[in-house]
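Peer 1: Chains as they are written, first to last, in our numbering: chain A, 1373 to 1750; chain B, 1373 to 1750; chain C, 1373 to 1750; chain D, 1373 to 1750.
Derived by calculation from the structure, the hints in this document are not laboratory data. Just so you know, not all the hints are guaranteed correct.
Because identical chains cannot be distinguished in the list, a pair is counted as satisfied if it fits within a single copy or across any two copies.
Straight-line distance between alpha carbons at most 27 Å, and here's what the computed BS3-like set of lysine-lysine pairs gives [to be verified]:
id: 1; residue 1: LYS1530; residue 2: LYS1375
id: 2; residue 1: LYS1494; residue 2: LYS1749
id: 3; residue 1: LYS1644; residue 2: LYS1664
id: 4; residue 1: LYS1740; residue 2: LYS1618
id: 5; residue 1: LYS1749; residue 2: LYS1711
id: 6; residue 1: LYS1749; residue 2: LYS1499
id: 7; residue 1: LYS1740; residue 2: LYS1530
id: 8; residue 1: LYS1618; residue 2: LYS1375
id: 9; residue 1: LYS1552; residue 2: LYS1664
id: 10; residue 1: LYS1661; residue 2: LYS1644
id: 11; residue 1: LYS1644; residue 2: LYS1530
id: 12; residue 1: LYS1664; residue 2: LYS1416
id: 13; residue 1: LYS1644; residue 2: LYS1552
id: 14; residue 1: LYS1618; residue 2: LYS1441
id: 15; residue 1: LYS1563; residue 2: LYS1711
There are 4 protein chains.
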Amino acid sequence: MGKIRLGILGGGEESLIGILHRVASSMFDKYELVGGVFDPEHQKSLNFAKKLQLNPNRVYKDLDDFVQKEGQLPESERIQVVSVLTPNFLHFPMAKQLLENGYNVICEKPLTTTYEEAKILKQTQEKANAIFAVTYTYTGYPMVRQMKSMIKNGEIGKIQKVDVQYYQGWINPLIHDKEKRAATWRLDPEKSGISCCIGDIGTHAFNMAEYVTGLEIHEILADLNYLYEDNPMDIDGTVLLRFSEKIKGVLRASQIATGEENNFTVKVYGDKGGLKWEQENPNYLYLLKEDKPLQVLKPGHVYNSDFSLEGTKLPPGHPEGIFDSMGNIYLGIANAINKETKFEGAYPLLNDGLRGMNFIEKTVASHKKGNVWVKMKD
Amino acid sequence: MGKIRLGILGGGEESLIGILHRVASSMFDKYELVGGVFDPEHQKSLNFAKKLQLNPNRVYKDLDDFVQKEGQLPESERIQVVSVLTPNFLHFPMAKQLLENGYNVICEKPLTTTYEEAKILKQTQEKANAIFAVTYTYTGYPMVRQMKSMIKNGEIGKIQKVDVQYYQGWINPLIHDKEKRAATWRLDPEKSGISCCIGDIGTHAFNMAEYVTGLEIHEILADLNYLYEDNPMDIDGTVLLRFSEKIKGVLRASQIATGEENNFTVKVYGDKGGLKWEQENPNYLYLLKEDKPLQVLKPGHVYNSDFSLEGTKLPPGHPEGIFDSMGNIYLGIANAINKETKFEGAYPLLNDGLRGMNFIEKTVASHKKGNVWVKMKD
Amino acid sequence: MGKIRLGILGGGEESLIGILHRVASSMFDKYELVGGVFDPEHQKSLNFAKKLQLNPNRVYKDLDDFVQKEGQLPESERIQVVSVLTPNFLHFPMAKQLLENGYNVICEKPLTTTYEEAKILKQTQEKANAIFAVTYTYTGYPMVRQMKSMIKNGEIGKIQKVDVQYYQGWINPLIHDKEKRAATWRLDPEKSGISCCIGDIGTHAFNMAEYVTGLEIHEILADLNYLYEDNPMDIDGTVLLRFSEKIKGVLRASQIATGEENNFTVKVYGDKGGLKWEQENPNYLYLLKEDKPLQVLKPGHVYNSDFSLEGTKLPPGHPEGIFDSMGNIYLGIANAINKETKFEGAYPLLNDGLRGMNFIEKTVASHKKGNVWVKMKD
Amino acid sequence: MGKIRLGILGGGEESLIGILHRVASSMFDKYELVGGVFDPEHQKSLNFAKKLQLNPNRVYKDLDDFVQKEGQLPESERIQVVSVLTPNFLHFPMAKQLLENGYNVICEKPLTTTYEEAKILKQTQEKANAIFAVTYTYTGYPMVRQMKSMIKNGEIGKIQKVDVQYYQGWINPLIHDKEKRAATWRLDPEKSGISCCIGDIGTHAFNMAEYVTGLEIHEILADLNYLYEDNPMDIDGTVLLRFSEKIKGVLRASQIATGEENNFTVKVYGDKGGLKWEQENPNYLYLLKEDKPLQVLKPGHVYNSDFSLEGTKLPPGHPEGIFDSMGNIYLGIANAINKETKFEGAYPLLNDGLRGMNFIEKTVASHKKGNVWVKMKD
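Next comes chain A alone, as it looks inside the complex (with noise of 0.2 Å):
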């Protein structure tokens, strides 16, 4: 089977995610980086095409042009799958576009800038019948498959609580100073929708509380923080969660939690065991059972699920890190696209997005309206 062709929009010279998804596409040999829309500027964009020894044929103008031009050529060597690297409120409309055109679509997250887009977008796709991932990188991560995988086979008995935590630091030097505050394009409605912190971090982690559960969030509490009143845009929060059949959980999230890089962690209990991860140190799973000393999981091992394991290059010891979770998806995508998955939860989909999306606007509605409860079903 040859490569599966690749698009890009966006990621160009100065992007710092597009060297994650093109070292990410590489790994597992199963992509070819063919061309795509790197730079609004085409000029830039070929300069960096240059670089990357793509064919200038394949560097196109803008998404219309993209679409035009490769879909006059043959099939086999059309474009097959195009990841959309842009900033966020071009996801919705490049996405429909190449959705409507016959692509599968990579997209990063947040999938839209609002639910209703999130809502059209799932329809567009299921017209379509396409492959549609949303970047969700931590899933990726051998120990977090483990921790879906060992959850699913009973390992901790029946759930009984949820903890997951999203802790960053770094809006904290920006925020305490208007000027500051004014110029950072996170903390803007108009460029990154209506929430802050649980749009960009906290939506990780209410993603990751149904992926490794299995579960499905089905009512919030959220109590935000915006710190000044002038600020409209939430910096840090807590939500309640209730999942179906009554069990319990909290989030935790903050870009104010000074000094704190990216302390994204998830504590799950059931009436047999807990199982904890934190993304800092990616391949550690710890294993709590009653009277039983700790146990710690690593990546490689033969205990481990095959889930996990086909997420590891190396034997044992050998430590993998956040570029080899994010080329773990896209195995996943290829496999996808191949029509051969293995396993389920290989790749984040739509619907996790479309999820996100109605978290976020679930969240920020249960806070303005005096932090009560508020169901996710619309």
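Position chains B, C and D against the provided structure of chain A, taking the given hints into account.
Peer 2: The following block gives chains B, C and D in isolation, referenced to the frame of chain A:
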């Protein structure tokens, strides 16, 4: 100056907590254990006293006997302070009687079984003008004291986020079996008051949040978990906190976090840095600053505050533990009795116990009213 | 059974080690501190005894005075065991005199200043048939005891590699300045014997290697470091070890590992698994097995040996420390005196101290001869 | 500047190391994989190339074929650098032939099977004036580079102690069974040279000790372990080190440290501080200073050196791993080929591989002569 004459109520042969208080009282050569009532059965009390080589004349049948006979001794021989280690419901009447008869009191937590009792006790103490300590043991750790000192000195600037967690798993093996939970006194409101999880460990977390920050919590919103409809006692809960000056926080407590032992953590983030501490590794204090290496402070070093250093008996690298923490609290009480108090916060006050009782009642009220905000102020 | 009457030599007002022994002796209500010689200046000794509320009649001018006057007391009142906490060079004459006069002895390490003295002491003890403990404090930690139990029970199979490390940094600020190092008694052979680093901490590592494995070291090859030619005392060294049955090991000790506090670690690998322990985090024992999750054992759990469990006073999650470790050793000694010994290894024996002295001399000999193999056997 | 044309020898379908080199080479868009000899069976080689979508014309039967046909291509198309990933005994002849035909070489370690070969290779390279890298992968980690930078800048002052450890357990399940060990190529001197443990992992530790300190090791004394008399290959060993200026160190390596995965650690202590790093948690660098809090440095922060920062692709808190480490080495090689080298130590040199071969032979010699000092200098 001679040793302080100490009496004990409870804490006999089978008591776990008795050894903690006895060892703690002996640590700095400040106390002499003289007598008390170690067991409701007088003979058992005498046997235990014999083992401790105490004078049997100072072992009393009950508190009435204690008060009467000690009262007949000259002041220079009379017991000066009494540790109340009896079951929770006896704390209030015993502490009250002791105060009314001129004794200083060291009381295990919870202070009483109701907020009302606690308020009465407060009045009684004010009238008696006695020293009264409530043994929130964890506040005696050197690195907790260092955390308090650093926050007070502005090391992390203005506080903007407080996060406390107290997770245990020990109720899990009891809660899923109707008979077992009926046989657990902690789950019996008659014996334990209106709350299990919040009452037993949530109060520790509440106290710690106020202790290290020097702030008061003004308002709370609680979501408790009972797991079974016929279980009358909370065994898990999350409480949203509002401190003075609109500072927000969150408190999480659980006794069904299966496999957790005594996972009590405190995180405080200010606009200049963050501080984190974990009870299970009590000799490490983590200081986070933007764009600076993470710093790990340890006991006994010259960079610590005098208050912290008072609580370390050996040079750095010689780990001390929970007995030493309680020893530091006993030292603080001894200094208070000897009118030699050097540090604010050297031992937890009756007011801390009072606020704890208030917290329990307001938390349950918030939950029962449907997870609404409740003010701490009466 | 009454409490054991304890005497102390040394350990007065300014002693760091005095408080460790006093608190340790009080932990299990097994000892009553009766008297001794706390300071060479009698008045200071009396003042200190007053603070401890001891009977001044049991405070003696010197050891001759102690032996003479205690000897006149009826046996039921006489001190039964004496802790020798005086400067190193006094350990030998004092311990000898105590043995010759019928006392059990608890001696701080190093046992003596020469191997020759240690051998004489051994003969004296055998004649006296007395209990004699050498306080290698670290062997009292519950997880060290658990490690010993597990190795004994074959948990890691046949041992094939032993690795002990004891790194400190405190000599670094003294060693580079000629005046400072001249003023440091540890660096004066007159006061400290022929070795500094190996004598002070290398012996701990040596003892621990034999203690947990139950093996004897037969042969050594040492490379010591003196850093300056005019410095007569080693401050760092590596020792290759050969145990019985050709098992190999390595011991590393340093007092110039700048910034290290008391970083004492033990690793033992057998053909069925490995065990690791670190003094600065003494409540964790790591069990490694091929293709199994790492296991972390903690004190107080039912999966621990009875020997380990005897040394834990509170439930899991309540960290105990070095005072508790020494307390366990005092408990072992009390049980021996009361002829109630339950566990092999409950306290370190004179023979451990003797082997330690032998190790020091053989290590220095190996180094001085040009880093050659030297047999431990005389 | 166009991409560098890369060839690969070995690293085919079943190779573990192939994926590491391919992903690493793709990380910074500096290389284009053009062709090579992926497998001794030509058809397998072609199949693998097809999977990678390489031009089959650039897939050669063997190295002779490679050299001949590539040589006929114009220089602007010809492969510029070749990664040698074949079995150890082929490194020497292949690298030599490549050098003699004008190619730059990236060679897996060990460089050769004998020190003699390595010296010949050195001469060949000098004549060819080619870039030659030996992939000591671990030197590419950002925090290893930061350690090197800090030591160079005097952060820990004059070095006085070096301690390196490389512990694995994977030989344990093979060594105790005569048949299994006969079937292990690592234990066959014909295939692996004269040493197993020192050759495979001891050399990594040796290289790291020299790399981070910038010092040369002058003299060694080794004690190796073979465990069974009929086993010709060391599987464990301790080596005493003497660097220039009488600085002492110790290197420990083991493949029978049962349960260890890839536990490679480096500690360097100077008169102003200490630095510690562990391969299994590669994103933490520990800085120890007297009477200062322990500092933990992490990648991507402004406080790191430019050299370290070049090796981090994402902001702090996004853990990178061993693929990224190798990617940094490939970046260093690319910069050298492009004559844009910015940092000393950006990739390991042939001289590092040469010194490694020397170390292996001198270590075995020291052991065989009875654990005596052997000079590294010929």
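Peer 1: Between the shortest in-copy and the shortest cross-copy C-alpha distance, which are at most 27 Å for LYS1644 and LYS1530: within, between, both, or neither?
Peer 2: within (7 Å within a copy, 34 Å between copies)
Peer 1: Are the CA atoms of LYS1644 and LYS1552 at most 27 Å apart within a copy, between copies, both, or neither?
Peer 2: Result: close only across copies, 17 Å inter versus 49 Å intra.
Peer 1: At 27 Å max between alpha carbons, let me know whether LYS1618 reaches LYS1441 within a copy, between copies, both or neither.
Peer 2: Neither way: LYS1618 and LYS1441 sit 52 Å apart in one copy and 57 Å across, limit 27 Å.
Peer 1: When no copy is named, should LYS1494 and LYS1749 be tagged within, between, both, or neither for a Cα gap of at most 27 Å?
Peer 2: Within one copy, since 16 Å is at most 27 Å while 49 Å is not.
Peer 1: Is it within, between, both or neither when you check LYS1552 against LYS1664 at 27 Å Cα-Cα?
Peer 2: between (51 Å within a copy, 21 Å between copies)
Peer 1: From the Cα coordinates, with 27 Å as the cut-off, is the pair LYS1740 and LYS1618 best called within, between, both, or neither?
Peer 2: both (24 Å within a copy, 16 Å between copies)
Peer 1: Evaluate LYS1740 and LYS1530 at a C-alpha cut-off of 27 Å and name the case that applies: within, between, both or neither.
Peer 2: between (34 Å within a copy, 26 Å between copies)
Peer 1: Please sort LYS1749 with LYS1499 into within, between, both or neither, judging by C-alpha distance up to 27 Å.
Peer 2: within (23 Å within a copy, 58 Å between copies)
Peer 1: Under a CA distance limit of 27 Å, which applies to LYS1644 and LYS1664: within one copy, between copies, both, or neither?
Peer 2: Result: close both inside a copy and across copies, 11 Å intra and 20 Å inter.
Peer 1: Treating 27 Å as the Cα threshold, decide for LYS1530 and LYS1375: within, between, both or neither.
Peer 2: neither (42 Å within a copy, 52 Å between copies)
Peer 1: Cα distance capped at 27 Å. Does LYS1661 pair with LYS1644 within a copy, between copies, both, or neither?
Peer 2: The answer is both: 7 Å in one copy and 23 Å across copies each meet 27 Å.
Peer 1: One pair to classify: LYS1749 and LYS1711, alpha carbons no more than 27 Å apart. Within, between, both, or neither?
Peer 2: So LYS1749 and LYS1711 fail the 27 Å test inside a copy (32 Å) and across (60 Å) alike.
Hint violations for this structure: numbers 1, 5, 8, 12, 14, 15, all remaining hints satisfied.
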